[in-house]
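**Student:** Turn these sequences into a full structure, and let the hints guide you.
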Amino acid sequence: MSFYFPKNRERKDYPIDKDAINEDFREVYAETQSGLGEHNWRRGAISNLASMASDAGIKVHRTGLALTHGITNADYPSGSDGTGPQTGVPANNYFNVSPSNTWNVVVTESGTPNLAATMSRTITTGNSLLWIMASFQQATRNATRDVVSNAVRYELGGCNHAISLDSTIIYESMDGGLDVANDPTGSALRMDDHPFVVDVLIPVNAGVHTLSMEIRHAYGPTNSFTGNFTPVYSVSTNNFYQIMSREFIILELK
Amino acid sequence: MADKFSPISTGDEATSTKVNSLFSSLQTEVNALPITAIQPGSLHDVHLPSLVVDSGTDSITGTHNYTNQYPGWGNSGIVIGANATGWSIINTGGTAGSGTDLEVDLGADYVLTGSNSGLLIMFNTNVVALDDTTTATGTSSLYGLFKIQVYANGAWRSIQRTERYTTAEMQYGPGISGTLASAQASLSKDVPIRTFISNADLATPGHVVRKVRVLTCISRKLAAAGSTQLSLKETNLSVMLIHASLQESL
Chain A
1 MSFYFPKNRE RKDYPIDKDA INEDFREVYA ETQSGLGEHN WRRGAISNLA SMASDAGIKV
61 HRTGLALTHG ITNADYPSGS DGTGPQTGVP ANNYFNVSPS NTWNVVVTES GTPNLAATMS
121 RTITTGNSLL WIMASFQQAT RNATRDVVSN AVRYELGGCN HAISLDSTII YESMDGGLDV
181 ANDPTGSALR MDDHPFVVDV LIPVNAGVHT LSMEIRHAYG PTNSFTGNFT PVYSVSTNNF
241 YQIMSREFII LELK
Chain G
1 MADKFSPIST GDEATSTKVN SLFSSLQTEV NALPITAIQP GSLHDVHLPS LVVDSGTDSI
61 TGTHNYTNQY PGWGNSGIVI GANATGWSII NTGGTAGSGT DLEVDLGADY VLTGSNSGLL
121 IMFNTNVVAL DDTTTATGTS SLYGLFKIQV YANGAWRSIQ RTERYTTAEM QYGPGISGTL
181 ASAQASLSKD VPIRTFISNA DLATPGHVVR KVRVLTCISR KLAAAGSTQL SLKETNLSVM
241 LIHASLQESL
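Line by line, the protein sequences are chains A and G.
Using my numbering, read the first sequence as starting at 1 and increasing by one per residue.
Using my numbering, read the second sequence as starting at 1 and increasing by one per residue.
Simulated from the structure, these hints should not be mistaken for lab results.
Predicted model, so just to flag it, every value in this text is computed and none were measured.
Built from N, CA and C at the ideal position, the CB exists for glycine as well.
Incorrect hints may appear among the rest.
Residues of chain A clear of chain G, computed beta-carbon distances all greater than 10 Å [stated by the list, open to error]: (1) N92; (2) V107; (3) H194.
Here are the simulated PhoX-like cross-link-like pairs (lysine-lysine), alpha carbons at most 25 Å apart as the crow flies [claimed, not checked]: (4) G:K18 to A:K7; (5) A:K7 to A:K18; (6) G:K233 to A:K12; (7) G:K211 to G:K233; (8) G:K233 to A:K18.
**Tutor:** Written as structure tokens, this is what we have:
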């Protein structure tokens, strides 16, 4: 390797050896073909960002959209006491959390499926470190798309949220917990109308990867009002959680 | 072995012209290195400049309270003072705006094109109370709202998809029997927002960006005007302008 160049030094008053010259250059040529490591670059070799292509160090992928939540001026919507639908809640692009304890990718519940509403991207990466962030608004809804009444809201056990890599949940990214045995409020962060962020840093091998934000109803109390803590998800099809405005950001750190 | 490598052949003279030719072709080779010639991870912080073009953080410690009322979706009107309709800028002095705004000023104007892919913004605040201060009876029909603004071409622009809200809660559960309407719960909730602001988020592509701040207010029901208050404590805002390529679906 060319830690010292040239390998064969020509000296004063010595005859020139062209084989030695050839060997000096051949070795450097060979080195430029593959396997250049950190020792081949001097400290501060690239001092100006203008010398770096935009995708040389970081690639950013993201989806996102805004969805009106129905809150009106200085007063929660007319239907918030259960008397009618909210004003201005979106007809499309929201996501209803499935009434089950299985994980589901946040996609488009109603309307034309589109990337902006899908918290999932399939990307081709190098051997990189991925920083994946999901930021979203969670809401409660009933059958008339109204906010869920207090009596029912407290029976909802909350949701778990997590990042998945190639359809496998990364449990280190999940909020809440997995053990409900000692947790009287269930395994979720049981917050109803609340914004959440989950994120994770994870290395991946070169290839095609699908990154997603997934959500599930958590195990929790069937009815916390009566103190009956049955470890099953607590949800009726008429009362559910909904994902509204959201953003999904992936930073590929090369 | 490089295609261009032409050694000094047997019988040829080792002249300076020959050696210079070897150096020239070697220079060409180095300047046209294929990406596969470089081992992954070879270039790192020792060799490269920071990929964060610019950054800033700001934070507020201690309690700051807000009483202004939500002006509606898509409305970014700001009011200074208490119990009015409009947003408040998060400020060390709360609704009165008498202190210092929570704001990151990058100190220079940036166009979010080319390798200046955009601003990664991270905001967190600790909601410690959201209640009707005139009654001991709790209500969950109070909402604290937040959204992020960027300063682009001399005007503040709301990023609507960052509008978030959290609800008040009542103490309720085992050991608290009787009616639902018990005392207001102490919240201690973390409200987080993450967003990536690109050229597509601006009113006109090519506008320069410089600053970021966060707004907040309350939506109320069943509570009288002037009786509701949102109390925040530790609040943090971080902004990074990243040298990167961007693929987005908005």
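**Student:** If any of the earlier hints don't hold here, list their numbers in rising order.
**Tutor:** 3, 6 and 8
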